[in-house]
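Novice: With chain U's structure known, arrange chain R on it following the hints.
So the sequence lines, in the order shown, correspond to chains U and R. Residue numbering for the first sequence follows the working numbering, beginning at 1 and increasing consecutively. Residue numbering for the second sequence follows the working numbering, beginning at 1001 and increasing consecutively.
Certain hints may be false.
To give an idea of the chain R side of the interface with chain U (calculated C-beta under 7 Å), a few residues [stated by the list, open to error]:
| no. | residue |
| --- | --- |
| 1 | N1024 |
| 2 | I1031 |
| 3 | I1037 |
| 4 | G1118 |
Since the hints were derived computationally from the structure, they do not count as laboratory data. Cβ coordinates follow ideal geometry from the N, Cα and C atoms, glycine included.
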Amino acid sequence: MDITVVFQIAAVGILVAVLNQVLIRAGREELAMMTTLAGLVVVLFWIIQYISTLFETVQTLFQLS
Amino acid sequence: MDIIQIAVIGIIGMILSLILKKENSGMSVIIGIVVGIIIFMGVLPKIEAVIQMLYKIVSKSEVDIKYIDVILKIIGISYISQFASQVCSDAGEGAIASKIEFAGKVIIIVISAPVLMGLIEMILNLMP
Chain U
1 MDITVVFQIA AVGILVAVLN QVLIRAGREE LAMMTTLAGL VVVLFWIIQY
51 ISTLFETVQT LFQLS
Chain R
1001 MDIIQIAVIG IIGMILSLIL KKENSGMSVI IGIVVGIIIF MGVLPKIEAV
1051 IQMLYKIVSK SEVDIKYIDV ILKIIGISYI SQFASQVCSD AGEGAIASKI
1101 EFAGKVIIIV ISAPVLMGLI EMILNLMP
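So here's chain U without its partners, still in its complex pose (with noise of 0.2 Å):
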């Protein structure tokens, strides 16, 4: 639990944003919009464990369902 998976997910987030930016400059809007969300979906699918993990911890910690 340390902070560099925000720096991970901070550059995936930067660099999907230069490449909409080269993208659409070049006149290629639709293959921007896929690589923003080919971005967003990889990004995702990296903290959806940590979420997991997240409420796990808090059901077992208070004893929820």
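Specialist: Chain R in isolation, oriented as in the chain U frame:
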């Protein structure tokens, strides 16, 4: 993890999500979620210590243990519903946030119903 580390992580997360807010607003919400999770995991051992202390206090007094379980459940549910609703309102989805809050309140009422019933019966027994 002391408070300075937590503050620094929060500020770094805020800056990064601001950078990403314009082009890639989805990513900035995700960064908000991850920073929230990191800070909670950092405070986790302290929360466990508080809960152990709570159990110790209760075991000394003659209060029934199930009341503390209900209290802990309510704290857990309110934490999760607050976490989710604040993330939603950060992302601009006020409607979803209020729905989550509403559902959390209903669940808390359902869980605390037996305690309320016990209280009412106790009061009725006291009445002449």
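Novice: Does each hint hold? Answer for all of them.
Specialist: Checked hints:
no.	hint	in the structure
1	N1024	5 Å, holds
2	I1031	6 Å, holds
3	I1037	5 Å, holds
4	G1118	19 Å, violated
When each numbered hint is compared with the structure, a violation occurs for hint 4 only.
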